[in-house]
Amino acid sequence: ETGVTQTPRHLVMGMTNKKSLKCEQHLGHNAMYWYKQSAKKPLELMFVYSLEERVENNSVPSRFSPECPNSSHLFLHLHTLQPEDSALYLCASSQAGTRGDEQFFGPGTRLTVL
Amino acid sequence: AQSVTQLDSHVSVSEGTPVLLRCNYSSSYSPSLFWYVQHPNKGLQLLLKYTSAATLVKGINGFEAEFKKSETSFHLTKPSAHMSDAAEYFCVVTFLLGFQKLVFGTGTRLLVSP
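As they're listed, the protein sequences go chains A and B.
Sequence positions in the first sequence follow the numbering used here and run 1 to 114.
Sequence positions in the second sequence follow the numbering used here and run 1001 to 1114.
Bound conformation, chain A alone (with noise of 0.2 angstroms):
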């Protein structure tokens, strides 16, 4: 594997299930990134962990809640969540404290709230 990839692609739940989002690094990075893409609307920052450490947490709500247990690993842990949730979650990665260095995207998962 390369890159960065998410599992699962596509996710369909309803309001009481708990699931999980996974993402998985293969670029030696040490920063990891949460975001929502809704249709007409800019992609959200949601999280970030910069060498494990939560460092941003972008008003989400405590719905979601991400896990970093390494700098390979990242998670979102999602529990009743609300149809306007459903969009695509985008994991990224990147060097943390280098200017000008790209983040890597994941290919995302596809969320549908019913």
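No incorrect hints appear here.
With a Cα cut of at most 30 angstroms, we get these calculated DSSO-like pairs of lysine-lysine:
{"no.": "1", "chain 1": "A", "residue 1": "Lys41", "chain 2": "A", "residue 2": "Lys19"}
{"no.": "2", "chain 1": "B", "residue 1": "Lys1049", "chain 2": "A", "residue 2": "Lys40"}
{"no.": "3", "chain 1": "B", "residue 1": "Lys1069", "chain 2": "A", "residue 2": "Lys41"}
{"no.": "4", "chain 1": "B", "residue 1": "Lys1042", "chain 2": "A", "residue 2": "Lys40"}
{"no.": "5", "chain 1": "B", "residue 1": "Lys1069", "chain 2": "B", "residue 2": "Lys1049"}
{"no.": "6", "chain 1": "A", "residue 1": "Lys41", "chain 2": "B", "residue 2": "Lys1068"}
{"no.": "7", "chain 1": "B", "residue 1": "Lys1069", "chain 2": "A", "residue 2": "Lys40"}
{"no.": "8", "chain 1": "A", "residue 1": "Lys40", "chain 2": "B", "residue 2": "Lys1058"}
Restraint-style ranges between C-beta atoms, simulated for each label pair:
{"no.": "9", "chain 1": "B", "residue 1": "Asn1041", "chain 2": "A", "residue 2": "Thr2", "range": "16 to 22 angstroms"}
{"no.": "10", "chain 1": "A", "residue 1": "Lys18", "chain 2": "B", "residue 2": "Leu1020", "range": "42 to 48 angstroms"}
{"no.": "11", "chain 1": "B", "residue 1": "Ala1054", "chain 2": "A", "residue 2": "Asn57", "range": "34 to 40 angstroms"}
{"no.": "12", "chain 1": "A", "residue 1": "Lys18", "chain 2": "B", "residue 2": "His1039", "range": "29 to 35 angstroms"}
{"no.": "13", "chain 1": "B", "residue 1": "Glu1015", "chain 2": "A", "residue 2": "Glu44", "range": "30 to 36 angstroms"}
{"no.": "14", "chain 1": "A", "residue 1": "Ala39", "chain 2": "B", "residue 2": "Gly1016", "range": "28 to 34 angstroms"}
{"no.": "15", "chain 1": "B", "residue 1": "Gly1062", "chain 2": "A", "residue 2": "Gln82", "range": "39 to 45 angstroms"}
{"no.": "16", "chain 1": "B", "residue 1": "Glu1015", "chain 2": "A", "residue 2": "Ala39", "range": "23 to 29 angstroms"}
{"no.": "17", "chain 1": "B", "residue 1": "Ser1084", "chain 2": "A", "residue 2": "Thr5", "range": "22 to 28 angstroms"}
Hints were generated in silico from the structure; no laboratory data involved.
Small disclaimer: the values here were computed from a predicted structure and weren't measured.
The beta carbon of each residue, even a glycine, is placed where N, CA and C say it ideally should be.
Following the hints, put chain B in place on chain A, whose structure we already have.
Same frame as chain A, now just chain B:
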């Protein structure tokens, strides 16, 4: 504050004709600027980036962009469109906050007709 305005939500061109996607930015700092492309059901891929070196930046697939500080613009161009260029394009201003923070525009969908 950092922000990005993409002036067109949709741009339609014919195959073989030039492409121009417009972007204006606002930044309190000397900015780094990126263009990302997103094909359907795919993650974002970096096309090119400006980080205060040459103002004319060449990217992948024949795209280039020119940083114009006096106009606060970073427009994306390509001399001749190809069918495979049909995708969504995002202009991004970035700054360092201990991690690389990306501020995305709302995107421009490029349509290419035969």
